[in-house]
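Participant: For the protein sequence lines, the chains are A and B, in the order given.
Okay, so the first sequence: first residue is 4 according to our numbering, each after it adds one.
Okay, so the second sequence: first residue is 1177 according to our numbering, each after it adds one.
Source of the hints: derived by calculation from the structure; they are not laboratory data.
All figures in this text were calculated on a predicted structure; none of them were measured in a lab.
A couple of the hints might just be wrong.
[Unchecked claim] Keeping only pairs whose Cα atoms sit at most 30 Å apart, straight-line, the calculated DSS-like set for lysine-lysine is: (1) K76/A with K161/A; (2) K138/A with K1492/B; (3) K1345/B with K161/A; (4) K1345/B with K1291/B; (5) K76/A with K1492/B; (6) K161/A with K136/A; (7) K1337/B with K1257/B; (8) K1207/B with K136/A; (9) K138/A with K1207/B.
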Amino acid sequence: MGELIRFDHVSYHYRGGQDVLSEVSFSIDQGEMVYVTGPSGAGKTTLLRLMAALCRAHRGQVLVMGQNLSALKARRVPAFRQRIGMVFQNFNLLYDRTVFDNVALPLVIRGYSHGDIGRRVRAALDSVGLLGKEKVLPLTLSGGEQQRIGIARAIVTKPALILADEPTGNLDPEMAMEVMRGFERFNQAGVTVLIATHAIDLIEALPHRNIHLEHGVITDKRPTAASSFRGGDTDGLR
Amino acid sequence: MAFVEVGMERPSWLARIGHEHLRVLFFSLGKIGQAPLAAALTALVIGIALALPAGLYVATRNLSSVGYSWQANLQISLFLKDSVSPERGQALAREMGSDKIVGKTHYISREQSLKDFRKQSGFGDALDILENNPLPAVIVVTPSAGQTQADVSQLADRLAKLPEVDIAKLDRQWLERLYALLAIAERSVGILALLLGLAVMVIIGNTIRLDIESRRDEIEVMKLIGAPDSFIRRPFLYAGFWFGLGGGLLAWALVAAGTHVMAGPSAELASLYGSDFRLAGLATADGLALSAAGVVLGWAAAFVTVSRRLALIEPK
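Okay, chain A solo, but in the shape it has when bound:
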């Protein structure tokens, strides 16, 4: 399996601030499932933003799917972003549109035909267990269901890479576990999955490679219950 993501001595800082990431180097192979962990402010979100070309590294090189992001022209960014499935903590759904329309959006952007869109959207909703809710507005659904809409939207274009930023942050433990299992399923189907998370209990339940950040630097330390706001309150989950 080839290399899908590579960070070479990447540093990033906000305007006039300290480095959020400094000299970060790692690589992720195709088909891997990787957690990015670390306390708040350690740079997890920034790491994901760099991969999605939502911001650019100040030093070093970011390579994603063979694309050197520092050389990516601004007008090519949307096309690049279309190749990645992104999942967010606050779901980022369009609340004035139905579940179907939300999931269909990436396909509409890419200009698929009506028939194709219908088929793919139903397949994506089916894979997150929401088939039959197509015509519903997202706000009438629970947080877990809304996040699954977000995931269906991320996978509907069948991307090779899924980036998830705290996907379970707004979910109760049961739903969080369900969502994580979903990611694992996609990973088993060959999708490379990167999840930034605080949820130690979930990482322990579903172990995968872990990139742990602290103060913008990758460390060998492993996340502990103390560094998670979720703590041990989900022991009775399984």
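Starting from the structure of chain A, add chain B where the hints point.
Facilitator: Chain B alone, transformed into the frame defined by chain A:
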């Protein structure tokens, strides 16, 4: 089913564009339909702004057609010398009638002139004081149809040189003045159209700007999932299109209604002048041009506004 599927097939470039534009056309119409009152008010303001110059245009065009029809009835009045006898005057009128530029001649004797003047002016008593009839005999020459103004002036010059003729008078000064006034009116229609066109763009731009602000989150999400600017811009461009089209059609309707309301009184006025002049409304081609102008203004205003705003919205 394999999940990773690189190079999925998409419809052809042309089919995609056509399909997408059709989709957005109706999507944006649906969006406007969600707030019909606000949309109707915006369209009304645009309609009024477009109707003003269009109405003025119709008015000047009607005035110039009135002038033109009067120009066709241009007459030359030949005032004969008092020494010319009525018989000679009548013979002269007949002789002139054989000229092919001349359509019709009409001899009015001195006595007839006096009688007419007495009847029409109300100065009959004043005329009684005079010993002699002060009025000359007149031959009214109407040029044949289809003569240019230059031909008619030439004819007047030629007739003026006849020994029996004292003065030849071609009364077209007022016509020239009318045309000069119309030229000014037409210029002001142009200026008004320019200013109100700008106003229309500001109105549409502002409406679109508010729409963009209220959909900021949506735009951010779209950028996040890789929507290119052209995709995000398109619904707003079509909103501008609909506002412009609605405003243009409304302006057309307003001008048509205005013409309808004015038709009665203007026909009455025309009949008082013995004319069968009928007020002409906006021609279909002009109406379509008006609607097209609305569309172009709407689209352009939306394009400028969205392009400027979109650059300011970046996903957080």
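Participant: Tell me, which hint numbers fail for this structure?
Facilitator: Checked against the structure, the only hint that fails is number 3, while the rest are satisfied.
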